[in-house]
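Asker: Listed here are the chains, written in short residue letters.
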Amino acid sequence: MSVATKPRRAPSLLRAASGAPPWLRWALLAAGLAVALWLPNGLYPAVAVDILCWALFAVAVDLLLGYTGLLSFGHAAFWGTSAYASGLVAIHAGVPFPVAVLAGALVAAALAVPIGYLAVRRTGIYFAMVTLAFAQLVYYVANNRRGLTGGENGLQSVPRELFGLDLTDAYYFYYAALPVVLLGLWAAWRIVNSPFGRVLVGIRDNPARARALGYPVHRYKLLAFVLSAFLAGLGGGLFAMGHRFVTLDTLHWTTSGKAVVMVVLGGIGTLWGGVLGAGLLVRLEDWLSFSGFEAVGLVTGALFVVVVLVFRRGLWGTAADLLRRRARKSVAPSEGDG
Amino acid sequence: MAEPMLATHGLTRDFRGFRAVDGVDLAVAPGTVHALVGPNGAGKTTLFNLLTGFLKPSGGRIEVAGRDITGLPPERIAARGVARSFQITSLFPMLTAREHVELALQGRGRLGWRFWRSAKLLDRYRGRADELLAMVGLDGLAEVPSDALPYGRKRALELALALALEPDVLLLDEPTAGMGMEDVDRTVELVDRVRAGRTVVLVEHNMSVVGRLADRVTVLQAGRVLAEGPYDEVRADERVVTAYLGAADAAG
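In the order they appear, the protein sequences are chains A and B. Residues in the first sequence are numbered from 1 upward in steps of one, following UniProt numbering. Residues in the second sequence are numbered from 1 upward in steps of one, following UniProt numbering.
So that you can see chain A by itself, here it is in the shape it has in the complex (with noise of 0.2 Å):
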């Protein structure tokens, strides 16, 4: 995972926002909400759903891998205990299941506040290692209590309920998610081109020197981990929604790192390069099991590789690249100030 540890050359947030001419931006807006719009006429709607979900999770990793530096190897932790606080919430209290996953988030973000106050004294490595080592910890604990998650049998027969509408269909469903996803993705971005966004790339390239401007890092990058798990709850709560029943695989240590390999393959720092990842490694592992093919992971491993090999930046990040030298050429640089 050393390539990911340090994403060197990410672009600056502020000029990547104000490199792409305004057309350009609100095209490109545009045709991803119609992509949106459209996913589950395309695709199996479960699928789809499940593409929103992951999406999710890869963009508050990478808030705190390309915006703030630090690589979560354990966000798991988040994704998983949000799914089961959401899916008790709704077996439990009946609410409408937005409000169920609102409180799975929540409850992520509660547990992000211990785990984030001892995980972000370290840094690089030892950051990753503590965090999945507190991910297996709530791993275990999830196992052992099985009166509460069900163990391994997981968490049976979730209700999605929403002021009485039938949802049962996962066509329907995904349409009922995916405003609770666009505005989770536009809190993101709202994070990262936020005063306090700046903060974090000011901490993630030179922490000595924003301590001597008067930061005080590791504050500033605990509420970065606790909004990041806050995201990732958002995303687990709706995959529990989603597949109507939670099993252990949410909190499991794979999960975390298929949330990073999802951000690697995007684009580091990039954050819509999340989206694109996890849409790209959800359909192609849906659709390697369903073709028969018992070694997924032998396929989605070399996709990784040669991304990593080939688009250093990940999809996003070269697209991005390639695109900001075309518009150049043609337009005038703006005045970009947003």
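Any given hint might turn out to be false.
[To be verified] Quick list of simulated restraints, FRET-style, between CB atoms:
hint, chain 1, residue 1, chain 2, residue 2, range
1, A, L182, B, D14, 53 to 63 Å
2, A, G124, B, F18, 26 to 36 Å
3, A, G147, B, G109, 42 to 52 Å
4, A, P179, B, I88, 47 to 57 Å
5, B, R124, A, L29, 22 to 32 Å
6, B, G127, A, V310, 25 to 35 Å
7, B, T70, A, V141, 38 to 48 Å
8, B, M135, A, R312, 31 to 41 Å
9, A, G124, B, T89, 14 to 24 Å
10, A, Y126, B, P73, 48 to 58 Å
[As the list claims (entries may be wrong)] Which stretches of chain B does chain A cover? Using the computed rule of at least three CB atoms under 8 Å from a CB of chain A, they are:
hint, segment
11, 82 to 95
12, 101 to 109
13, 211 to 221
What the hints contain is simulated information worked out from the structure, not anything from laboratory work. Beta carbons are placed, not taken as given, at the ideal position from N, Cα and C, and that holds for glycine.
Given chain A, work out where chain B should sit, using these hints.
Answerer: Relative to the frame of chain A, chain B by itself:
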């Protein structure tokens, strides 16, 4: 002397059996420029790192305006009005010159926590940022990423960052290191201009710079204070001459 703006009492720092700073007493009067000089390895930069919280003292105390700041982390010391520049240029390679200064200005308020607001909020700092950039001679370079600036301009940006904090105490770690003559002159003029209303401590190798700027000089050797006094007095001190010549011999 009035109560010192910055004072250390028996300040000591050990590195695994090696005493880099050894019982240093320092008293810097408000509004003065105080230079720290000494051969390489005398403990100047270690002393700086102690004063700004990047290193914890092994013993002794540090006071700013009579208040104990010993053991505080760097960000808390910065908040107490002590700003520093770094000996080795220490910037944010991805940010433009203006973004650097805006980031420094933003640090004084609570704006940095607003993750729910647009970064456009920072436009309020633009005017002040451009003023500071003009002050250090970076006008016209506001949009240039710092890693594309020439060396002398990077050093100037270092200074602008420290000044953006509106510090009462300005600690400059070799502000003219590696500069050409012209840049050295500009930096001396600049420090002379911004010293008004401030207390400045600088580490400097260039003795002509020290002579032009410093009210008082402390000479360090092997972590201890060798001599302290006005520049001319210290310059004539035989122990100081020996220490410097000794260092020159060793280096040769």
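Asker: Does each hint hold? Answer for all of them.
Answerer: To see whether the hints hold, each was checked on the structure:
no.: 1; hint: A:L182 to B:D14: 53 to 63 Å; in the structure: holds (57 Å)
no.: 2; hint: A:G124 to B:F18: 26 to 36 Å; in the structure: holds (27 Å)
no.: 3; hint: A:G147 to B:G109: 42 to 52 Å; in the structure: holds (49 Å)
no.: 4; hint: A:P179 to B:I88: 47 to 57 Å; in the structure: holds (50 Å)
no.: 5; hint: B:R124 to A:L29: 22 to 32 Å; in the structure: holds (27 Å)
no.: 6; hint: B:G127 to A:V310: 25 to 35 Å; in the structure: violated (46 Å)
no.: 7; hint: B:T70 to A:V141: 38 to 48 Å; in the structure: holds (42 Å)
no.: 8; hint: B:M135 to A:R312: 31 to 41 Å; in the structure: holds (40 Å)
no.: 9; hint: A:G124 to B:T89: 14 to 24 Å; in the structure: holds (23 Å)
no.: 10; hint: A:Y126 to B:P73: 48 to 58 Å; in the structure: violated (20 Å)
no.: 11; hint: 82 to 95; in the structure: holds (count 9)
no.: 12; hint: 101 to 109; in the structure: holds (count 6)
no.: 13; hint: 211 to 221; in the structure: violated (count 0)
When the structure is compared with the earlier hints, violations turn up for hints 6, 10, 13 and for no others.
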